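Each chain, letter by letter, is given below.
There are 2 protein chains.
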Amino acid sequence: MRLPIATIFPAVEWLRDYRRADLASDLLAGVIVTIMLIPQSLAYALLAGLPPQVGLYASILPLIAYALFGSSRTLSVGPVAVVSLMTAAAVSKIALPGSPEYVAAALLLALLSGVFLLALGLARLGAIANLLSHPVISGFISASAVLIAVSQMKHILGVTVQGHSLAEILPSLLGQLADTNLPTLAIGALGIGFLFWVRASLKPLLVRAGLGPRLADALAKAGPVAAVIFSVTAVTLLDLQDAGVRIVGDIPRGLPPLTLPAFDPELWQRLLPAAALIGLVGFVESVSVAETLGARRRQRIDANQELVGLGAANIGAAITGGFPVTGGFSRSVVNFAAGAETPLAGVITAGLIALTVAFLTPLFFYLPNAVLAATIIVAVLTLVDLGAIRRTWRYSKSDFAAMAATIILVLAVGVEAGIVAGVALSVALFLWRTTRPHMAVVGLVPGTEHFRNIERHAVVQSETVLTIRVDESLYFANSRYLERQILSAVADRPMISDVVLMCPAVNFIDASALESLEAIADRLTSAGVKLHLSEVKGPVTDRLKRSDFFDHLTGQIFLSQYEAMSSLDPGSIQGRAASPPTPASPSMNAGSHGEIPTMK
Amino acid sequence: MRLPIATIFPAVEWLRDYRRADLASDLLAGVIVTIMLIPQSLAYALLAGLPPQVGLYASILPLIAYALFGSSRTLSVGPVAVVSLMTAAAVSKIALPGSPEYVAAALLLALLSGVFLLALGLARLGAIANLLSHPVISGFISASAVLIAVSQMKHILGVTVQGHSLAEILPSLLGQLADTNLPTLAIGALGIGFLFWVRASLKPLLVRAGLGPRLADALAKAGPVAAVIFSVTAVTLLDLQDAGVRIVGDIPRGLPPLTLPAFDPELWQRLLPAAALIGLVGFVESVSVAETLGARRRQRIDANQELVGLGAANIGAAITGGFPVTGGFSRSVVNFAAGAETPLAGVITAGLIALTVAFLTPLFFYLPNAVLAATIIVAVLTLVDLGAIRRTWRYSKSDFAAMAATIILVLAVGVEAGIVAGVALSVALFLWRTTRPHMAVVGLVPGTEHFRNIERHAVVQSETVLTIRVDESLYFANSRYLERQILSAVADRPMISDVVLMCPAVNFIDASALESLEAIADRLTSAGVKLHLSEVKGPVTDRLKRSDFFDHLTGQIFLSQYEAMSSLDPGSIQGRAASPPTPASPSMNAGSHGEIPTMK
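Quick note, the sequences are listed as chains H and X, same order. For the first sequence, the working numbering gives the first residue as 1, with consecutive numbering after it. For the second sequence, the working numbering gives the first residue as 1, with consecutive numbering after it.
Don't take each hint at face value.
Just so you know, same-sequence chains aren't split out, so a pair can sit in one copy or run between any two.
With a Cα cut of at most 20 Å, we get these calculated EDC-like pairs of lysine to aspartate or glutamate [claimed, not checked]: (1) K530 to D217; (2) K397 to D548; (3) K397 to D542; (4) K545 to D492; (5) K154 to E518; (6) K530 to D385; (7) K154 to D551; (8) K530 to D179; (9) K545 to D569; (10) K203 to E416.
Note that these hints are calculated values from the structure, not bench results. It should be emphasised that the depicted structure is a prediction, and the values quoted were computed from it without experimental measurement.
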């Protein structure tokens with residue numbers, strides 16, 4: 001049973017049933033995720049152009065807020081790569097990286113994004129995320145990953161590069177190749193090599209060495225931590241910071257400060273579109289991870305509750321010095337695999353990160369930025385999904401067009417232009433497709449009561465009754481096409497005295513299509529041809545009754561197409577049906593505004 | 001027969017068949033339209049904030065260009081009210097009314113609008129105009145008419161008012177009531193009263209006086225010309241210009257100058273959105289007039305050829321000192337009623353206007369602006385269609401919402417904001433509607449092979465096979481909803497071993513929906529339930545074969561739903577069908593990638 005209060009705090013449900021056995025699992029998962037999250041949170045803050053502590057701050061309260069309000073039991077919330085990239089793109093239009101205004105704008109972005117998600121969730125408008133089609137999201141993630149990897153090369157080379165698109169970054173990067181800091185490059189290259197090796201080869205090696213597969217997997221996931229430890233040791237011992245290797249440096253010790261974003265209406269307005277995009281992209285990514293994991297344990301994910309949970313997490317980030325967060329794929333999978341039973345695992349992670357930020361930040365003083373960049377590069381390259389691009393190309397050229405537009409614009413112009421172009425193009429292509437509704441002239445399949453497309457089946461047609469089946473709902477974008485098609489079909493057949501529009505797949509007729517139907521009826525009438533409808537759905541007929549349509553309709557509305565033909569041209573179907581015409585259902589002249597037979 | 005060259009110059013067709021008898025009709029119509037057009041072209045130039053001669057210039061070459069390239073035989077092209085209002089709104093953002101830059105920007109607007117229409121026509125993309133739904137266009141015209149009437153009150157009162165929305169115009173107008181020029185007000189009020197009287201009462205009066213209805217009608221249409229003659233006489237005799245009555249003044253005599261809009265990329269970019277909107281709105285209005293008139297004489301209107309014709313007309317306006325033009329409703333109706341047989345009537349009108357501008361402009365020196373404003377006000381108020389607003393409200397609340405948004409924004413903010421908001425809202429509401437595709441659990445109607453909604457019909461259901469009929473195409477905006485609905489329907493029925501998705505109304509499945517179907521199949525498989533499809537259309541199956549879908553599908557694809565039930569749970573339909581199961585069509589396991597039965 002779902003308690004009423006659980007509709008606000010889903011946490012009530014899992015807290016009420018909490019068992020001692022769960023605690024051991026949650027504790028283990030919480031520790032493992034913390035080990036992954038520490039280097040990730042530092043790295044994604046670097047990617048977003050923010051001081052390292054901001055990454056840690058964004059990994060405390062947001063996790064607790066999601067645990068209280070989210071609907072997934074295993075989602076791991078915090079800084080993620082794509083959202084960090086989008087944050088950098090949005091905030092660097094407002095302020096200089098490194099300035100206090102930059103940090104304040106990132107905070108505000110988290111607040112606006114959180115309020116936007118919360119509002120969508122409370123208004124139950126989660127369906128808006130459906131506008132981001134799979135190919136657009138997939139192309140966006142792949143292109144963003146490439147962009148992130150390229151943008152992080154500056155840390156591997158030890159040079160300074162600005163820009164948020166390949167067109168800006170690449171020339172700047174190539175122009176500075178000569179300024180490469182060799183010790184930095186050595187650390188970065190070793191880091192990348194080591195992390196790739198860990199990812200690809202360590203687990204099988206450990207399994208062959210006799211370790212259990214689960215322990216081997218956990219150790220392999222700790223690769224970034226090992227890289228952190230090795231590199232901090234190397235920098236400390238060799239004084240590499242004096243050789244020009246940039247290090248994380250001083251991270252303020254202590255719990256996150258309470259922060260309140262400034263109220264500056266003009267700034268809010270400038271950041272709102274980016275905040276909404278970041279919120280939507282983060283939500284779509286997060287909810288798909290949550291659903292994948294939820295399905296494996298048959299746990300229900302409520303999309304609107306997820307909006308509330310992620311909204312609360314972002315507001316939590318905004319009031320404790322953080323930046324935009326969402327549910328991350330790799331961490332959530334690790335959390336799930338490590339056996340997390342409830343969101344308490346996330347709360348435990350939050351507590352451990354809080355301890356880290358309170359006491360352990362001096363340990364990261366000598367951590368080279370190049371190693372953080374290496375962890376980012378290795379992590380994001382797994383997000384590039386070339387297979388999805390190939391599959392989309394093969395399956396649907398219009399989906400591929402939207403995907404390609406997204407990829408090209410992300411790389412050439414930037415993340416915001418890419419996602420907006422992808423969504424706009426996929427909507428435009430969809431509208432374009434419905435602009436020409438599928439229509440077919442149909443005839444009777446001999447020996448049955450079925451009517452089928454005359455071009456695909458051996459069917460019997462009447463000489464005086466033309467039946468056109470419409471296979472889509474009728475609305476403003478296709479109503480003119482309908483008008484033209486019907487009138488030209490009639491113009492081609494001078495013998496016709498009746499036209500039946502068969503509407504089994506028409507779910508609605510909007511005001512524009514209604515005007516077109518009235519125009520069709522009027523023009524047919526003036527040509528001495530009657531218009532009839534058949535197999536109209538109940539709700540459609542109910543609505544038509546609220547209009548003047550039946551003043552224009554000279555023909556009838558029939559329950560079934562077979563009945564229409566039995567009435568209008570019995571000769572054309574006699575002896576051809578499987579059974580004698582069914583006892584006539586009550587058909588009547590539609591002009592009388594009385595009871596009209598409907599079906600659904 | 002349609003000559004090849006006629007696909008470029010439709011004029012070839014009517015020129016080839018031209019008969020002497022047509023000439024008399026075209027000549028009469030040309031003269032009558034000229035009498036209407038002279039005051040209108042002066043008035044609409046005034047409305048657009050342009051010198052009077054610009055209106056006359058826009059009534060010469062554009063008419064000839066349309067006669068050569070357009071597909072309607074009776075459409076009368078030239079300055080019209082709504083397009084003039086949109087021109088004023090767009091151009092006054094760029095330059096001060098009255099300045100040479102203002103006139104140059106209007107010229108450029110005509111060029112850009114013409115090139116845009118021409119490009120759409122050549123690319124055969126006329127369908128883009130379908131985005132302007134009937135309620136949005138109707139609301140836009142009504143609201144624009146109110147805005148025009150209010151904006152012209154300044155000429156009636158003889159005051160100076162700026163602004164392009166009611167919110168700007170009304171306070172400014174009310175604040176200057178005290179400055180009203182009384183002679184101007186007297187002329188304006190008399191003009192409005194006279195023109196309303198002519199429109200409402202003159203024709204019946206003339207008919208009662210024994211005139212033929214056609215002549216009476218023609219005389220009644222000449223009301224504005226009478227007002228012009230009366231007022232010019234009055235101003236001349238009474239020296240009213242010395243009393244502060246603003247008059248048209250000096251109009252340069254001579255044929256239109258050849259003009260070439262300046263090439264200023266920044267200006268082009270700023271005007272392009274407005275030019276596209278003006279082009280689209282003008283096209284939609286014009287083509288609906290052309291189709292209405294064409295249908296009465298069974299003449300075909302080709303929408304793409306209309307784009308070419310109107311594009312040529314606007315380019316013609318741009319190179320001869322004009323401003324944006326389109327086909328006008330009232331003039332076209334008069335042209336049609338006066339008996340115009342071919343576009344030669346338009347060429348004759350153009351010639352007469354050229355004669356006017358070459359020799360007769362001194363006649364308009366003493367013409368008061370107040371009388372031009374009166375003709376505008378009386379003309380546009382007939383465009384307000386309150387009945388359409390009421391009908392739309394009754395028929396469809398979502399269409400009404402788009403209409404209301406258009407009206408409110410046109411009045412409160414301006415024409416561009418209104419049309420953009422209307423289109424955006426109608427597209428958004430359409431997408432929203434398709435976000436939740438209609439789906440129904442179906443069962444067998446006893447004694448037939450038909451399957452119908454279990455909630456609306458007395459049907460027989462299988463205990464182990466769940467059949468869900470989907471009534472819409474599956475695409476990115478509704479694929480998640482499909483996923484949720486199917487999985488929760490299965491979760492509610494633990495006895496189910498097979499799910500059949502019945503797809504008679506599914507016209508396409510995009511890449512997002514494909515991924516959802518694969519996810520559904522996988523999740524059902526892991527729950528021990530098989531997924532089958534039935535009544536899938538041919539093109540949809542062809543496309544599915546290009547994907548990995550059949551690797552995920554554990555069940556089969558059936559030609560008909562009846563066949564699916566005969567195979568999956570024969571017990572549930574035995575003795576209930578009308579006839580014994582039809583000889584099995586070749587159903588097979590879909591996993592084998594072989595020939596899959598399809599229907600359409």
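Please write out, lowest number first, the hints stated earlier that are contradicted by the structure. 1, 4, 5, 6, 7, 8, 9, 10
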